[in-house]
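Whenever a hint applies, use it, and build me the whole structure from the sequences.
2 protein chains.
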Amino acid sequence: MIRACLAATSAILGLTSAIACAPARRPPSTETGATPTVTTQAGDGDLRIAELRSCALDSGETIEGCRVAYRTFGKLDATRSNVVLFPTWFTGTTKTLAGIVPGELVDTKRFFLVLVDALGNGFSSGPSSSRAQPRLRFPKFTIHDMVESQRRLLREVLGVQRVHTVMGISMGGMQAYEWAVSHPDEVERIVPIVGTPQLTTQDLLLWNAELHLLEGSTAYAGGAYAEPRPKIPALQELHWLMLTTPAHRNAETSRDAFPAWSATIANDTAFDWNDWHRQLEAMLAHDVARGAGGDLAAAAGRVKAKGLVIVAEQAGW
Amino acid sequence: MIRACLAATSAILGLTSAIACAPARRPPSTETGATPTVTTQAGDGDLRIAELRSCALDSGETIEGCRVAYRTFGKLDATRSNVVLFPTWFTGTTKTLAGIVPGELVDTKRFFLVLVDALGNGFSSGPSSSRAQPRLRFPKFTIHDMVESQRRLLREVLGVQRVHTVMGISMGGMQAYEWAVSHPDEVERIVPIVGTPQLTTQDLLLWNAELHLLEGSTAYAGGAYAEPRPKIPALQELHWLMLTTPAHRNAETSRDAFPAWSATIANDTAFDWNDWHRQLEAMLAHDVARGAGGDLAAAAGRVKAKGLVIVAEQAGW
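Here the protein sequences come in this chain order: A and B. As numbered in this note's numbering, residues 1 to 317 make up the first sequence, in order. As numbered in this note's numbering, residues 1001 to 1317 make up the second sequence, in order.
Please keep in mind that the hints were generated in silico from the structure rather than gathered at the bench. It is possible that part of the hints are untrue.
Below, computed lysine to aspartate or glutamate pairings styled on EDC-like, alpha-carbon distance capped at 16 Å [what the hints assert, rightly or not]:
#1 231/A / 1215/B
#2 1306/B / 1185/B
#3 140/A / 281/A
#4 109/A / 61/A
#5 1231/B / 215/A
#6 1140/B / 1281/B
Remember, it's a predicted structure, so these values are computed and weren't measured experimentally.
Laid out in structure tokens, this is it:
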């Protein structure tokens, strides 16, 4: 499912929701131990998997059989200098991004666009896709860990050392900021859209509310729910409550239409709850200034990239 | 606890939060079968209980041993024409209202102010205060049922047939609208503050999220939780998320202060969860136009009261 799409389409991008809001599906059977795919010439938008073997994490733990899913569009130029990296938002997938980014947000005639699935989104390694570390045995990871996995994709699989632009929406914007601070010599530009370098108090309140809702949910069962996944209506309702402005919600969905719309939300189990859990934790730990004692100015001092920062005029987070 | 206080104090009333935001406590031992109190001369702000025996509800069910708690300030004039009725907001109590209304919002030298505890708030009849119908055996009630219980308090105990003004904040504003539509000849003025005559889609989404969170909560245990009441952090966090604007939250609580502030919220069990449940249902069913096929204009056509409607410039609900 696409969590930021309404906020993005209504407030930021001017795209129609019909384009953006298709629900995500489980990945095709990519869990077959496929050999690494060399894709430097590919730009067809197909789902590809980079096999990174193991990924060391900020926590000291390791993702075993670490994989990063991605899609490319356009052509890498001769100097490998036209890469635009676009990671997914919270609960987002490149399947959805493929419908709104190429040719719309990024000119794929000029740029080699790499859409990348963030860790824990059901396509890249995470609780729902790992055989070795399933469910909450999958270690906690950070936004920085997502960035490091993407950097290895670029260097080890695509042969790219430096990117023209990292851009993304919401949690994708967090990754863009993290890229600029962690690898200042490898990022020329960032375009974070409704992202943040450091969570506000309201952000912390929102993501803690979702985390504690999951943890306290009978259906979630501490992550040990049976398949098919149970419905957790309150989590979806909370998420949608904060996804758009009240004015947008009221304009989009009449009181009469509310029961049917609400049921659609309540029935949505497309995104795995343990993946949701681990991506929440990644956002909650996000702070590009954590290495500078929380000093954002010091962290900003490291950045060499130019930035185009896009924020929402109204947002609940 | 006072749920609307920050929204009200920051956006509407200009009061300081120090005045308004004291947490509610359980009522003193009023469950002793006290005889009806005649209070037409009283105006001391003490908690009083009107014994209404039984209250017939919209559902067809009955509240047994029905009681309405209230406090009065000022003096009823000779023509009994100076009554200002001020019911509580969602999860609110007259104990809290007593700190912000008399002399601040209402001139008690001129008016006979009646603060009244809405059904299901722990002081008036509700799941936590009923011996005959405890917990979820307490029947569902509506905003209209609250109004009818208050009308009986006025007529049967205070000897008042007509009120100068009904005013209230949030769910208190819903009651003010309901009064004006249900009893047009008995209400001269209404002052609903961040109230609504009919829930918006965003309102429905918020209150459904809280209701489903409770229903799906392991700690809530379908209403059969043991005492002392368990913590339900996610519910408090969700509630506070929507209580103020993001800008207010971020200004009031720094990132560094968040853990301590968040813990205070998470530990708050002052308001009974079954009371919370039943008051949520009352709000979810609220619609002053329900008797007019949802036609707000038709409902408004019944109203004879003058209205001063106060809304928030920014609100998440």
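Hint numbers the structure violates, sorted upward?
4
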